[in-house]
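Asks: Position 323 of the sequence shown, counted from 1, bears residue number 323 in this note's numbering, the numbering being contiguous throughout.
Simulated from the structure, these hints should not be mistaken for laboratory data.
Watch out, some of these pointers could steer you wrong.
Taking CB as the label site, the calculated pair distances span [to be verified]:
id	residue 1	residue 2	range
1	476	502	14 to 22 Å
2	422	104	21 to 29 Å
3	132	446	55 to 63 Å
4	268	294	13 to 21 Å
5	326	216	17 to 25 Å
6	114	291	49 to 57 Å
7	501	186	33 to 41 Å
8	128	446	54 to 62 Å
9	429	502	22 to 30 Å
10	502	104	41 to 49 Å
11	117	186	20 to 28 Å
12	135	505	57 to 65 Å
Idealized CB from N, CA, C, for every residue including glycine.
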Amino acid sequence: DAPAPLPVRDAGLGPDARTATLVSRLVERFRAVPDAVAVDTGATTLTYAELDRASHALATALLSRGVVPGSLVGLLTEPGADTVVSVVAALRAGAGWVPLDPGHPAARLTDQLRRSGARTVLCHAATRAVGASLGDVTLVSVDDAARMPAVSTDDANRAPAPLPGAHPVPDRPADADAIAYVIFTSGSTGRPKAVPVTHRSMENYLDWAVDTFGYDEHDRLAQTASPCFDASVRQLLAPLLVGATVVTVDWNLLRDPDRLLTHVEHARITVWSSVPTLWEQLLNASEERVRRGAPRPDLSALRWVHVGGEALSPAHVRRWFDFYGDGQRIANLYGPTEATINTSCHIISSRPDDTVRRLPIGRPVAGTRVMVVGPEGEPRAPGEPGELLISGIGLTAGYLGEPALTEAAFTVRDGRRWYRSGDRVRCSEDGVLEFLGRLDDQVKIRGNRVEPGEIEAVLQIRPDVGHAVVLVQEGRLVAFVTPGHGASQAEAAELRHHLARSLPPYMLPSRITRVDRMPLTGTGKIDRRALLGLREPSAPAGPGTEAGAGSGGAPVPPPSRTAPR
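With the hints as extra help, turn the sequences into a complete structure.
Replies: Quick look at the structure:
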């Protein structure tokens, strides 16, 4: 018989989600802890009572401008309290939100509004001019709503009174299958794909996160992700469900690792979340402080590190535990937007052994089913590599307005819809997934199938290698490496000798280029296209020689917006 689908966790929505909507649970929490701090920007704080009033006023403004339950509104705000208020207000109005990046061209934003059907856009003072350039849309300013007449409560259990002549805020159950938010993801055609996520999917995921990570009212969660990335949903809403504090991080801080480290330290952040690259910058800044004789950073409040969006390097995890000890746990999160934020999670509570080359991406989250299949769709046995298929509560219905793309990315097996992730994985006997790379990253070298991620993993075992990226250029393997923090650059010949001890000859890169640091995309991930565009050496490189010791130009600075998982 064919193997059954690999281990499943199909836990459903949980008891709370069956009896209360997300909105009613949020409002109940707001009124249970009115004086607790809901949002801390570093410069100002917003209590739960203030968040209740502000989101109610803004939801009222949305309804008075024609927003109806089940519709979508654009979200054009920069990080801070206004973003939190806006997301909650959209939910209280019965609507969903479409995050818009104010740094993107107006034509791109206009296209996203058109494709999502959003006709109303939430903005604030910093983005009002951008909003005004978006054509025929209705702008609703968070600042204007804040200046509306007070809607205070007489006690914690009574709803704010509606404004005179205003539409009442529904605060009523949303259709579980209505759209809660839309995320635009990059597409191979250059046109981003619109991924709608339902209230059912979102609430299931948030309940899983709260339960798995044990968030409570004492937590202070770093909000590092742009609203345009789905990790922001966890960062913004999960804390509010338990009366915790959202600690917003200004985009400018993300450009300065030492200041960012100081912010994490002084804000007493208990849960950090980002892409691995940004998290590693925190680690680099920590080690650099000690190296220059400054006091050791105090991150004793930190209990969780959530990282995702890229492969997590075991070497960086080892460095973290070597520096900070075993006081925190690291969650290695994996998942495409099409499956609602995260599909699987692997929790690391101690230093990985020095021989570990890859870290697992773990087991499926609640309500998620996974299967590993071969080229013809045949189920793979445990330990055999194949494509990861994803199904369950978190699965999107498809791409808005893109039936052909939807048909290509989704399939039906045994009456169940599955998303073809395009990711190559294998699953152990006990149901733990290991990410091996993208299917389209696989190449053939001299007739042999090669997985570049395997070469990268071997390189990154060395302490003098920080990051390693292996690409194919004109039919040849080329490697790019950065130095390990505090280490000198490894010689290319030495690195090739290191690889030769573990890998067959056809897997050895024909060129190894040393760079000071990796160029990054706007999401904080390594920009592989930019690496291929770096300066070519003046002469061809023979086997075992270094080709190009420079970075091919000025290093690309860290991004102003990050996309953690």
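Asks: Confirm or reject each hint.
Replies: Against the structure, the hints come out as follows:
1. 476 x 502: 14 to 22 Å: Holds: the Cβ-Cβ distance is about 20 Å, inside 14 to 22 Å.
2. 422 x 104: 21 to 29 Å: Given range 21 to 29 Å: holds, Cβ gap about 25 Å.
3. 132 x 446: 55 to 63 Å: holds, 58 Å
4. 268 x 294: 13 to 21 Å: Given range 13 to 21 Å: holds, Cβ gap about 19 Å.
5. 326 x 216: 17 to 25 Å: holds, 21 Å
6. 114 x 291: 49 to 57 Å: holds, 52 Å
7. 501 x 186: 33 to 41 Å: Given range 33 to 41 Å: holds, Cβ gap about 37 Å.
8. 128 x 446: 54 to 62 Å: holds, 59 Å
9. 429 x 502: 22 to 30 Å: holds, 25 Å
10. 502 x 104: 41 to 49 Å: holds, 43 Å
11. 117 x 186: 20 to 28 Å: For residue 186 against residue 117, whose Cβ atoms are near 21 Å apart, the range 20 to 28 Å holds.
12. 135 x 505: 57 to 65 Å: holds, 59 Å
Every hint from the earlier list agrees with this structure, and none is contradicted.
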